[in-house]
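Participant: In order, the protein sequence lines correspond to chains W and G. Mapping to my numbering: the first sequence position 203 is 203, numbers consecutive. Mapping to my numbering: the second sequence position 333 is 333, numbers consecutive.
Rather than coming from a laboratory, the hints here were simulated on the basis of the structure. The structure presented is a predicted model; accordingly, all values stated were derived computationally and were not measured. It cannot be assumed that every hint is accurate.
Think about it this way: if two alpha-carbon atoms lie no more than 27 Å apart in a straight line, the pair counts; the simulated DSSO-like pairs of lysine-lysine are [stated by the list, open to error]:
(1) G:K114 x W:K19
(2) G:K114 x W:K268
(3) G:K273 x G:K303
(4) G:K269 x W:K36
(5) W:K83 x W:K121
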Amino acid sequence: MADTILEVKNLTKYFKTPKGMLHAVDGVSFSIERGKTLGIVGESGCGKSTTGRCVLRLIEPTSGEVLFEGNDIAKYSAAQMRKMRSELQIIFQDPFSSLDPRKTVSQTIAEPMLVHKTVPKDQIRSRVHELMETVGLADRLINSYPHELDGGRRQRIGVARALAVNPKFIVCDEPVSALDVSIQAQILNLLKDLQKRFGLTYIFITHDLSVVNHFSDDIAVMYLGQLVEKASAEELFAKPSHPYTEALLSAIPVPEVGGPRRERILLKGEITSPVNLPNECRFAKRCIYASEECLKGNPPLREIAPNHFVACCKAEQFYQKNS
Amino acid sequence: MNGVNDDIVLQVEDLTVYYELEEETVKAVNHISFSLKRGETIGLVGETGAGKTTTALALLRLVPDPPGVIKSGKITVCGNDMLSLPVQKLESIRGKDISMIFQDPMTSLNPVFKVVDQIAESLEIHEKLSKTEAHEKALDMLETVGISRSRGGEYPHQFSGGMKQRVGIAIALACSPQLLIADEPTTALDVTIQAQVLDLIKDLKDKNGTSVIMITHDLGIVAEICDQVAVMYAGHIVEHGSLDEVFNHTLHPYTEGLFNSLPNINDRKSELKPIPGLMPDPTNLPEGCAFAPRCEYATEACKTTQPELRTVGGTHKVACLRYDETDFHINRGKKHG
Numbered sequence: 001m002a003d004t005i006l007e008v009k010n011l012t013k014y015f016k017t018p019k020g021m022l023h024a025v026d027g028v029s030f031s032i033e034r035g036k037t038l039g040i041v042g043e044s045g046c047g048k049s050t051t052g053r054c055v056l057r058l059i060e061p062t063s064g065e066v067l068f069e070g071n072d073i074a075k076y077s078a079a080q081m082r083k084m085r086s087e088l089q090i091i092f093q094d095p096f097s098s099l100d101p102r103k104t105v106s107q108t109i110a111e112p113m114l115v116h117k118t119v120p121k122d123q124i125r126s127r128v129h130e131l132m133e134t135v136g137l138a139d140r141l142i143n144s145y146p147h148e149l150d151g152g153r154r155q156r157i158g159v160a161r162a163l164a165v166n167p168k169f170i171v172c173d174e175p176v177s178a179l180d181v182s183i184q185a186q187i188l189n190l191l192k193d194l195q196k197r198f199g200l201t202y203i204f205i206t207h208d209l210s211v212v213n214h215f216s217d218d219i220a221v222m223y224l225g226q227l228v229e230k231a232s233a234e235e236l237f238a239k240p241s242h243p244y245t246e247a248l249l250s251a252i253p254v255p256e257v258g259g260p261r262r263e264r265i266l267l268k269g270e271i272t273s274p275v276n277l278p279n280e281c282r283f284a285k286r287c288i289y290a291s292e293e294c295l296k297g298n299p300p301l302r303e304i305a306p307n308h309f310v311a312c313c314k315a316e317q318f319y320q321k322n323s
Numbered sequence: 001m002n003g004v005n006d007d008i009v010l011q012v013e014d015l016t017v018y019y020e021l022e023e024e025t026v027k028a029v030n031h032i033s034f035s036l037k038r039g040e041t042i043g044l045v046g047e048t049g050a051g052k053t054t055t056a057l058a059l060l061r062l063v064p065d066p067p068g069v070i071k072s073g074k075i076t077v078c079g080n081d082m083l084s085l086p087v088q089k090l091e092s093i094r095g096k097d098i099s100m101i102f103q104d105p106m107t108s109l110n111p112v113f114k115v116v117d118q119i120a121e122s123l124e125i126h127e128k129l130s131k132t133e134a135h136e137k138a139l140d141m142l143e144t145v146g147i148s149r150s151r152g153g154e155y156p157h158q159f160s161g162g163m164k165q166r167v168g169i170a171i172a173l174a175c176s177p178q179l180l181i182a183d184e185p186t187t188a189l190d191v192t193i194q195a196q197v198l199d200l201i202k203d204l205k206d207k208n209g210t211s212v213i214m215i216t217h218d219l220g221i222v223a224e225i226c227d228q229v230a231v232m233y234a235g236h237i238v239e240h241g242s243l244d245e246v247f248n249h250t251l252h253p254y255t256e257g258l259f260n261s262l263p264n265i266n267d268r269k270s271e272l273k274p275i276p277g278l279m280p281d282p283t284n285l286p287e288g289c290a291f292a293p294r295c296e297y298a299t300e301a302c303k304t305t306q307p308e309l310r311t312v313g314g315t316h317k318v319a320c321l322r323y324d325e326t327d328f329h330i331n332r333g334k335k336h337g
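Next comes chain G alone, as it looks inside the complex:
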């Protein structure tokens, strides 16, 4: 590792991923950049089809190819250039330096292996432990995620959803990765179990200094555990900043729309203001700003010119043309100051 970037665990520059199908091209991720420091958590927020999961898969170079193609970009994880590494080297990094918790605990475990063996697998490969050592360590991991050692010999179908997800977490954390990608880790779980899982991730982050990419559509979860937030829409990052910047000084009309769509728990009479319309078809993105057709602030220029992500103040970036105007602000937005 070179000395300058010691603190930067992940650097993504200008990443673009397309799915090239026979008749059309799905522009899943378009020129996104972000970086993550040791022990920091970034929330990738957006709705179905925003490109969150494709981004995560690209980081691990797991985008299914074909049809997925990484068109441009540079991904650096702990000093390794992920996109040019030979496959063998890549395999020594996956599961060790960088690992992933998948969304659906029901399908991400192998049904014909005992859970303890599924956790031990990565320990044997990466930590070069013997079978018995790996087995022992795997049982320790089970205990860490709150499952008793005695259940290690059971199969995934004997576990409930919450427990399966915890097994997924145990697998991801077995080799103490520097970077953990959590793809909607709690979406399939009940709220009380969700609270347990989030606390577990928080704990492990504090203890091991792991950096986390939290992919979610739930702004409540973001508020709970993230340090920075990147809001994605139709494959673009449209707003990016610290938790406080994005939540308390919201800039992008889409982010505002997301907040307005959520029921306010403290004021049950407040009305929901949904975003009209639907996300554009990623095979046929509009010429200008992808959000313009749904945006109440859109002007003629928005329909033809693509906005660039630019810094507005502090670490706060937004991709919206209207901020060319000096006195523009959205309804929710409070001015920086």
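The shape of chain W in the complex, shown without the other chains:
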């Protein structure tokens, strides 16, 4: 029996805007096993960050259930939720704006321990040293301020801060997007090591498909607030069965010369506005395979092969084509 740590059912988040309801997240469901990584990919505005934040209730979901170890934390009171927060942490995208510029490295890392009182006060100092070592920050930086540090080191502070309260589950929201490739690889390796050492479970949000492929066990692809495809990383890359996934994969620039390439599928246009969506397949306007049928309603996510979910009325066809 799989040990499911987090199950999200029918999560929605609507924002009221002057033009109408903005469907940021629209009926998203998924589950993650303990110690695994679920990658969520999609383009800007598809709702991947909002999903991550709704799971942690940093944004209040409009509706839906978030079952963490069997308990629906979406129904928790603020006080109950505060207690839970030490188990659920987040690493933010931009290490330049997510750290308090007036706090030193040690103050930043110590803060969550002071808030949650997980460590006696006299041991906090040694725990900070321990955490800095864990994430590879030199001891001499302990009294530095964020502005004195480069992006890679700042992101390490972000990781140490998240680890400070011994969480079980971490949402990594584009943790390497703002970093140079050589530094990006350092942070990715660090996150992988930590996962092995502490048995962490991750939601890994990114727009970078080669990173998500490297990092995740399962991958969910989002488009306009909905999951359009979800499968294991191998399966998704080998047999993409949603036209949007196929286009995304084909658009990855591969740093190889003379090797095999996927045939490039150029999408027309851009993501449509998530405000007041019509009842049709949300991808239909950009889809090269779209037909009459696609305008007759929004296709639900269904399982077309074991653990392979696709929201497209022609999914079987694409699955066949790629197998």
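Since chain W is already given, all that's left is putting chain G on it; use the hints.
Facilitator: Frame of chain W; chain G shown alone:
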């Protein structure tokens, strides 16, 4: 234009740019040279602080001065010596013979002018078109980059990121420049939009024979559209060659490190091997090879002697002392042959 160099659109020789601050000097670009033929694309690759953007700005003589100073070098664009031209002449070249797409489409457009007027501006100045002609041509340009003419009267804030970047491209290409500098043109964009923009640049290059300098940190983009590659590190070109030479016969340990840092899309189990450490502080470059402190192949000599860029075979150049040894090769490298 003199007959001999007809085919050479850009020649950079021994370019050095410093930012001279009150207390220290940032050695942003150090003695770099390269040239570009008509219709050719060069990729300038490197990480933050490698000197890519400063190089691009120097080509247009746009390095902010003070504190930027072009210490040495010669830049020739279509036969014009860019560094000694009077400002008036320079202005007739910028935007016409040589133009630039800036990295951030969110901030490089003027928020209070309609997009069509921003494109028409350079047409009025350089092509001496009347207001209505320039307006008409600007709308044509919008169409070329895939935006409908009806949206010309809108302001930048009404456009998405991808569309703004396309407006930036339309401005840069309005006067059919001979040389286009694209500074990370797709970094702020999503992959599917990135693919559209790259295709657009490729198309225009094929149609107009424009030469392109593609500044990027993404080796995938380089593989996609460049003919030659120059890898920069701490203001130096450390490896330079054709796309095939640099990708398939990599010589410099730093280039190898870049490749090893990238996740392999075809083998998700492969491990990332990041380059240890950080790029050196450009105000305080090491005495020897700037990459030596991070280099697994470094010897004692590397710490004290600066390597020169030298030709190893074909058009392939590398700046690494270890190639003094006849049988030296890096792990990734395959021998020339």
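Participant: Keeping to a limit of 27 Å between CA atoms, is the pair of K114 (chain G) and K268 (chain W) held or broken?
Facilitator: Roughly 24 Å between the alpha carbons, so the hint for K114 (chain G) and K268 (chain W) holds.
Participant: Holds or violated: K114 (chain G) and K19 (chain W), Cα atoms, limit 27 Å.
Facilitator: The hint holds at about 23 Å.
Participant: Tell me if the straight-line CA distance from K83 (chain W) to K121 (chain W) falls inside 27 Å.
Facilitator: Satisfied, since the Cα-Cα distance of roughly 18 Å is no more than 27 Å.
Participant: Is the Cα-Cα distance between K269 (chain G) and K36 (chain W) 27 Å or less?
Facilitator: This hinted pair holds, its Cα atoms lying about 15 Å apart.
Participant: Going straight from one Cα to the other, do K273 (chain G) and K303 (chain G) come out at no more than 27 Å?
Facilitator: holds (23 Å)
Consistency note: the structure conflicts with none of the earlier hints.
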